[in-house]
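Q: Sequential numbering from 31 applies to the sequence shown in this note's numbering.
Hints listed in this document are in silico derivations from the structure and should not be mistaken for laboratory results.
One or more hints might be untrue.
Unchecked claim - Distance windows between CB atoms, simulated:
#1 I83 with A143: 41 to 51 Å
#2 E163 with E52: 14 to 24 Å
#3 S155 with E52: 21 to 31 Å
#4 D138 with D80: 15 to 25 Å
#5 S155 with L95: 39 to 49 Å
#6 V156 with L95: 17 to 27 Å
#7 G89 with N151: 48 to 58 Å
#8 N93 with V122: 18 to 28 Å
#9 V136 with D80: 22 to 32 Å
#10 E55 with L90: 31 to 41 Å
#11 L95 with N151: 13 to 23 Å
#12 N99 with Y165: 36 to 46 Å
#13 E163 with H54: 18 to 28 Å
#14 N97 with S161: 41 to 51 Å
For every residue, glycine included, the Cβ atom is placed at its ideal position computed from N, Cα and C.
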Amino acid sequence: MKCPIFFRSETIAVSNVDISMELHEGANLISFYAVPEDNSLDNMMSSLDDVMIGVIGEGLAANILPNGNWVGSLTEISETSGYWVKIEGPGVLSVSDAIPSDPSLVYDLHAGANLISYPSNISMSVGDAVSDEYYDYILMF
31 MKCPIFFRSE TIAVSNVDIS MELHEGANLI SFYAVPEDNS LDNMMSSLDD
81 VMIGVIGEGL AANILPNGNW VGSLTEISET SGYWVKIEGP GVLSVSDAIP
131 SDPSLVYDLH AGANLISYPS NISMSVGDAV SDEYYDYILM F
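Given the sequences, and given the hints that come with them, work out the whole structure.
A: The following block contains the structure:
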């Protein structure tokens with residue numbers, strides 16, 4: 031059974047944005063509150079070419095081969111998903127001309143663990159971000 035979830039968001043999409051995230055060596059848990067029209071792994075992860083190992087999503091994964099080609103079931107980045115990005119040194123993930131998520135974005139969650147995005151560039155506690163009517167359905171570790 032799927033359960034929809036709404037996040038409270040103060041993001042107002044006025045124009046496209048540039049995103050920059052400092053990542054540490056190893057596995058980094060990330061999501062995108064905005065994605066460009068070209069949301070391919072090749073485009074989205076191009077700033078990490080020198081240190082990239084692979085990306086894991088919920089039920090999907092891809093690794094980059096020595097020749098620079100991606101292999102795996104994950105081919106593009108979604109604004110609703112979370113990702114583990116594994117790199118072999120520190121790096122900066124940069125994405126240009128990204129289109130911000132719709133503030134009324136609805137997530138369809140399934141029972142068990144869900145690897146989802148956070149649709150805002152404004153930090154909030156889980157209690158402030160998740161609508162009150164759905165908060166009781168979230169188990170935090």
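Q: All the hints need checking, so say for each whether the structure fits it.
A: Taking the hints in turn, this is what the structure says about them:
1. I83 with A143: 41 to 51 Å: violated (23 Å)
2. E163 with E52: 14 to 24 Å: violated (35 Å)
3. S155 with E52: 21 to 31 Å: holds (22 Å)
4. D138 with D80: 15 to 25 Å: violated (37 Å)
5. S155 with L95: 39 to 49 Å: The hint (39 to 49 Å, Cβ to Cβ) holds, given that S155 and L95 are roughly 40 Å apart.
6. V156 with L95: 17 to 27 Å: violated (38 Å)
7. G89 with N151: 48 to 58 Å: violated (27 Å)
8. N93 with V122: 18 to 28 Å: holds (21 Å)
9. V136 with D80: 22 to 32 Å: The hinted range 22 to 32 Å is violated for V136 and D80, with Cβ atoms some 37 Å apart.
10. E55 with L90: 31 to 41 Å: The hinted range 31 to 41 Å is violated for E55 and L90, with Cβ atoms some 23 Å apart.
11. L95 with N151: 13 to 23 Å: Distance hint for L95, N151 is violated at roughly 33 Å.
12. N99 with Y165: 36 to 46 Å: holds (43 Å)
13. E163 with H54: 18 to 28 Å: Violated: the Cβ-Cβ distance is about 36 Å, outside 18 to 28 Å.
14. N97 with S161: 41 to 51 Å: holds (46 Å)
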